[in-house]
Amino acid sequence: MAVAQTNRLGNGGLIDRSAPLSFRFDGKSFSGFQGDTLASALVANGVKLVGRSFKYHRPRGILTAGSEEPNALVELRSGSRREPNTKATTAELYEGLEAASQNRWPSLRFDVMSVNQLFAPIFVAGFYYKTFMWPAKFWEAIYEPAIRRAAGLGRAAGVADPDHYDKAWAHCDVLVAGSGPAGLAAALAAGRSGARVILCEEDFAFGGRLLSDGGTIDGLPAAEWLLRTLAELAAMPDVRIMNRTTLFGVYDGGTYGALERVNDHLPSPPEHQVRQRLWRIVAKRCVVAAGALERPIVFAGNDTPGVMMASAMRTYVGRYAAAPAKRIALFTNNEDGWRTVETALGAGLQIAAVIDARPDISSAHRSLASKNGFTVLHGAVSGVDGGKDGVRKIAVSLTGGARAEVEADGLAVSGGWNPAVGLTSYHRGRPKWRDDIAAFVPDGAPPGMVAAGAANGDFGLGACLSQGFAAGAAAAHDAGHGGKAGTAPVADDEAFSVTPLWHVAGKGKAFVDYQHDVTASDIELAQREGFESVEHLKRYTTLGMATDQGKTSNVAGLAIMAAVSGRSIPETGTTIYRPPYVPVAIGAFAGHHRDETFHATRLTPSHHWAAEQGAVFVDTGLWKRAQWYPRAGEKDWLESVTREVKAVRSGVGFCDVSTLGKIDVHGPDAGAFLDRVYINTFSNLAVGKARYGLMLREDGIVYDDGTTSRLAEDHYFLTTTTAKAGLVMQHLEFCRQVLFPELDVQLTSVSDQWAQFSIAGPKTRDLLKEIVDPTEDLSNEGFPFMGAREVALRGGIKARLFRISFSGEMAFEISVPARYGEAMARNLMLAGKSFGVTPYGTEALGVMRIEKGHIAGPELSGTTTAADLGLDKMMSTKKDFIGRVMAGREALVAPDRQVVVGIKPTDKARRLRSGAHIIPKGQTPGPGNDQGYVTSVCFSPASDQWIGLALVERGRERIGEIVHAHDPIRGEDYDVELCNPVFYDPDGGRQRG
Amino acid sequence: MAEFSWDVRSPLDRALLAGPYGAHGDAGVTLTEIRNFDLVQVMARRGKAVDMATVAKTRFGVAAPETPKAVHTADATLIWSGPDQFFILAKNGKHAMDWLVPTFAASGSLSEQSHARALISISGAKARAMLAKLSSIDLHPGAFAVGAAAATSMDHTSVTLWRGNDRDGQAVLNVLVFATFAESLWHTMLDSAAEYGVAIAHSEELT
Amino acid sequence: MRIVCPFCGERELGEFTYLGDAKPVRPAADAGEDAVYDYVYLRDNIAGVMSENWYHGGGCRAWLKVTRNTLTHEISAVEPAAGAGAAKVGA
Amino acid sequence: MKYSIFSLARAALSGHKNWQRTWRDATPKDRYDVVIIGGGGHGLATAWFLASEYGIRNVAVLEKGWIGSGNAGRNTTIIRSNYGLPGNTGFYELSMKLWERMEQDLNYNAMVSQRGVINLYHSDAQRDAYARRGNTMRINGIDAELLDLAAVKKMMPFLNFDNARFPVQGGLLQRRGGTARHDAVVWGYAHAASGLGVDIIQNCEVTGFVRDANGKVTGVETSRGRIGAGKVGMAVAGSSSRVADMAGLRLPIESHVLQAFVSEAIKPLIPNVMTFGAGHFYVSQSDKGGLVFGGDIDGYNSYAQRGNLPVMEDVCEGGMALMPMIGRVRLLRQWGGIMDMSMDGSPIIDKTPVDGLYLNAGWCYGGFKATPGSGFVFAHLLARDTPHEEAARFRLDRFRTGAMIDEKGQGAQPNLH
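Protein sequence lines, in the order shown, are assigned to chains A, B, C and D. Counting the first sequence from 1 gives a position; the working numbering is that position plus 44. Counting the second sequence from 1 gives a position; the working numbering is that position plus 1. Counting the third sequence from 1 gives a position; the working numbering is that position plus 118. Counting the fourth sequence from 1 gives a position; the working numbering is that position plus 50.
Check before you lean on any hint, since a few could be wrong.
Said to hold, decoys possible - Taking beta-carbon pairs under 7 Å as the criterion, some of the chain A residues facing chain C (in silico):
1) D296
2) E742
3) D743
4) Q774
5) R780
6) Q781
7) L783
8) P785
9) D924
10) V929
11) M930
As the list claims (entries may be wrong) - Restraint ranges, calculated between C-beta atoms of paired labels, are given here:
12) S6/B / S194/C: 56 to 62 Å
13) D940/A / P142/C: 27 to 33 Å
14) S151/A / F211/D: 33 to 39 Å
15) E1005/A / A200/C: 49 to 55 Å
These are computed hints drawn from the structure, not numbers from a lab. We put the beta carbon where it would ideally sit given N, CA and C, even for glycine.
With the hints as extra help, turn the sequences into a complete structure.
And the structure:
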């Protein structure tokens, strides 16, 4: 049975009392209402203890009512949806919500780790740097695991996130962060001016402080003005208002990051919907109306549950009709804190006392005190009596030295206000100090961004409205919209005065950073040890590094550092502000790019046919390629691949090679262009012929290779490797547009236009004769080796035929328009049926290329020269080409370079593996004799043994030498013979035949 | 001698299942694959931009787009695809390579791209909301008017995007995507549109 | 970052690829090894306004010369590479 | 004061009022035997080794801001020696051995945690490349293991094995790799070097070089006045080109931004250091509980120390692809550092063409793990005027001769390394 809402006020608030919700916290049932946050519902149920601190495991309550909360962090939801470190202050209540306190064992009330408090005298800032060093082995075995277990906050689910995320783009003229009075006024002005506006509000409700503080605007009660304004904005077609959306970062060129919590207010997202959406908003102008954050005062016991920010207390009372305490004391150093007194009194709560650090208070406040029978003490809170059950008694040091005590069950604290300077500082602009409000205000904001209202250090309601309105109108104007904005909403400004007070000296721990348990004395210690720079202070004490990124602690921390180091606060300065403004789920940044949709998938034109054949696919870049085609009864991949190779070498087979990059090179200067990008010459290639080409990078290292054919006087068809297709296109465009703009040449990728198949084997011509129009001459004379031309196929379509061979067999490559790709595969099966045609995959392709000693990816490693690959004779000496000069550098032509050779094991039964190193026989392996490594291996059906290619020092001079293949990482060692890399048909008779 | 049948298969032949998808109720997004079109890329030769434009004007009756636009003629759409280049999208071989090569012989370089792309037409009340998940282009009616085109990327994949004539008062956005990426992008589109409800179809008609 | 492609208009960073300083000019064929070494390897690595080669590979495939401040990422000018969109230029 | 649990306990009795500054706050002298520009890990380590190994104690370390304010304080704290090419392999292992004794050397707990570094592979080709690299390591006496899928599953059952776009097939593991607390490394070297007489001078920006008639560098001009020097060593990775420019040198280096990220603190989730082999993502978990992760550089020249969304998204996509359990873990902070990206991806430790000026630069995004080794060999170079044998290939003229050390095989394009 749920506990009654003991601390729910009888009326008022923006909760929907007709919609009760039940929820559980630490296993106990409670109830709340629609419109509650978890924190407000806990407050309404009289729950004060909600968490334990990071280091000392001290009991903690709820400090704030917003996203700056350092204490009230819970594990929300359960199982695979468990979300650690969720702020109870922003988690919306929903039916069945489950939350648990964290960083405690076995329970929140009896946390064994609170024993850490006993060691507090030793656990000062940076203590771990001074110990745990002996013996050295103990760190990983003993100390570190213990520290890791003790540290951390909540527990991640530990299993895959079941929810979905997506990412979207939005565009506007004026982006407004925050829907308080300044933000609404800015949106109103910009919208009326005709600008496209996006307004982001992190809360589920629009209105910001108006929801808690009320006020009068344009003569209307704030709530009424709010409704009217939201209605006006909603009626503008180009104004988009987004709740549950936090603007978390600003990037270059007016790009902003925002997180929309689409369905976090529900137990789980509805079908087809995402949990959260990451927005990338492109805005010409941005008005930051993110408000200000009230800051604590550092005093002994300031972390006792029941100590709460004054503004938070009035939010709980005013907005949620939930009383954090029955008898409240206020500790303030500024005028604004008093508003909590007024709110509390208005809700029928008792005020125990006001402790005001300022020398004077207004007569209005004085009469308020006397009318309501509470005392005003001039001084400061020096201690709090109370434990996990919350505040009981408050010790006060009165101005003049006397002491007093106040009995209360809640202490509201107001140390002044810090404008939310995060967004404006993310481009490394440092905020500047303003003495009159004793706070940092934005300065050096990113281009196009301006702060307005409380975010700009102007806290009055009237000022927020007028500044926001002016900023919105100006932003619209700057973005090119000159419509009439009308008049700004009007309200009075409340008085604001503050007498800075950061730290009250006293006995007991006084916390600056609640979550990380950084105390005032830690800061003093840091200063003593020379960590005076604010960045050193932060790193040494961990001040400001918790999940709230110091929103409630940084300014107090540096003020204390300023005091102990004898500098002013602006001299002491701030640390660097970094996004995101609030922590953002990693899943949201990933969007749908996870699991199988992590990256796009490219399918070859014959993919679905290959899948029907039962092909096993392999990822090659983004491609799925058929790796081999297993047949029933084959025991492993090797058996299938060997069968495919034998079928090709003895009959005919085909393979989809559409993944090769294909580029149309057009224009009168196409030949001249290719001469500059290849090391060999293409301008003299005859029409109807193909030629193998090699490209270098400008540093003289081999970049890519492929076959290029001349289809017409001014038209070449260039192919690249699969891996480099996109990069070669980019490189060629660079050559065309930047290096050689004088050439008349045009480039177009036609990779996807053509389904290309390699058909190889002695019966290739027989197969082709079946499918190619009978009028086409495929004889050696009519279609010689390296010929290339268009042919007609039976059934009326045209294809391009290239007589090129990667396998070393009599072979052609045939291209048909891609929508015929699947039909082509079927027709090749049909045409080759009587010749036992066999489809083969990339493995068999690889075997045959190794048997032929052709280089591929492993040899094109980005560190090999043409000479290393045995292709230096291709380098023309009659022309300039990319990479020519640098290829001649001494280390690149040194005689002891590692060059491609073949290898075969001396034990014919031995399997080879790539990655083994080559060591001279009889020597002990070491850095001095590590002479190369094995790049590619395969079982060669032709040789009936494993063979391989290797890069070996002076390898070509050492053919016949027996060396050692050293593979310690796989525990293998064996002898191999260095040999000619062309294992199969070295004269090339078969491919020319 | 075997009989060869050269049936064509669009890149989305397997992936596209006509009918409703995703959330129930009225479909917010309609995805229609247009099949069996002719597509030729024309790139101007050095110093021949004006000649190419003249040839295009003569043949199509309209100027080829010199900025990111798509221009409709009676039987073709000319879509800007980059500086000094454009696509000719047509049907039934009226503007196929065989006809165009001689026309542009002196001024342009032509590449056959009919099979290199898939064409997906997107419409419906939520078309822009769905495309906002895929495209960084501002598709606001004022920013991307009828006839606007863009060479851009979706899901890290190059596409040509243009806005056709409105249909039933709603914007129609067309996407040409590389054929080998088409199935992947299609699934991403379905994922993005599922929450709005999708009506899936294919068509032989250019819109 | 957003780059205003002279052909496409303003586009997001993800559509572009970076190559580096646009100032070094590829030496003539007979310039010798020192000049090529300098071209390939040495960089001013400017902290400030720099002219750079960017490729609009996710868009119109034009190479662009972008003037950008490496301290602030502010882009002050974008122009096409000499051979991008140059068909109007005489052969 | 010697640091230990006993000194801590004693200090606690006096309310920690008696701790001394961790390093002396020195004011610059007129002249030093060696002036090191750059108070990062490398500069401070160099000073410590000059003093402790080479007996040169009249040394100043000049730091423009606060020590550790450059990449020493902005990295992802990984240490490893799993390199595959001659030059790198031996050097990084030297560095690793120095990590293993650092805390005892310095009397400072830098939380060197040898929790293991694993590079995951997703294809046969990648496996073979890792095998090659692992064999290089083993031949050089470095620990390396090639794990198959079953071993990876056992070690990291939380990875996405079932529905991954690029399924994990195995990994290359160096158990001695791990992490160290980056700031503590800086403070530890400062503490120890200061104790041996090295002057650490913060807020002292070098604005120029003092040269004699022969062009030899004889000192530096600084924001705190002229400081004479027998030799000047530069250890200012990220700003190498800017400082070298003051001496009229152009370097084979570009400055690029590398982003890094940390999540909210959570209870122990990830036991080791992992790199995804099919995307740009690597991760470890700090002792405080945050997942510390990163990926590729943004890819454009930058001195802004901040990056943009595409890379941030790319990194998180990699993370989610590898282990979708982190979907609900929140990213807390992103930051950026300036990388000295060299033209082959490997560092430069050498004399410069300017007499008296020594260069330690080009660390790309691998500088942190090199900290002790870099300090050691740079101190050797400064003290002996000859390169340490393990750094003999890190020459400035290797680009001229073609003897590049290009682990990634990307050539003279820094943003691809």
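Each hint, compared with the structure:
1. D296: Constraint on D296/A satisfied, holds at 4 Å.
2. E742: This hint holds: E742/A lies near chain C, its Cβ roughly 5 Å from the closest one there, short of 7 Å.
3. D743: 6 Å, holds
4. Q774: 6 Å, holds
5. R780: 6 Å, holds
6. Q781: 4 Å, holds
7. L783: Holds, about 5 Å.
8. P785: Result: holds, 3 Å to nearest chain C Cβ.
9. D924: Result: holds, 4 Å to nearest chain C Cβ.
10. V929: 4 Å, holds
11. M930: At about 6 Å, which falls below the 7 Å cut-off, the nearest Cβ of chain C leaves the hint on M930/A intact, so it holds.
12. S6/B / S194/C: 56 to 62 Å: 60 Å, holds
13. D940/A / P142/C: 27 to 33 Å: 32 Å, holds
14. S151/A / F211/D: 33 to 39 Å: 36 Å, holds
15. E1005/A / A200/C: 49 to 55 Å: 53 Å, holds
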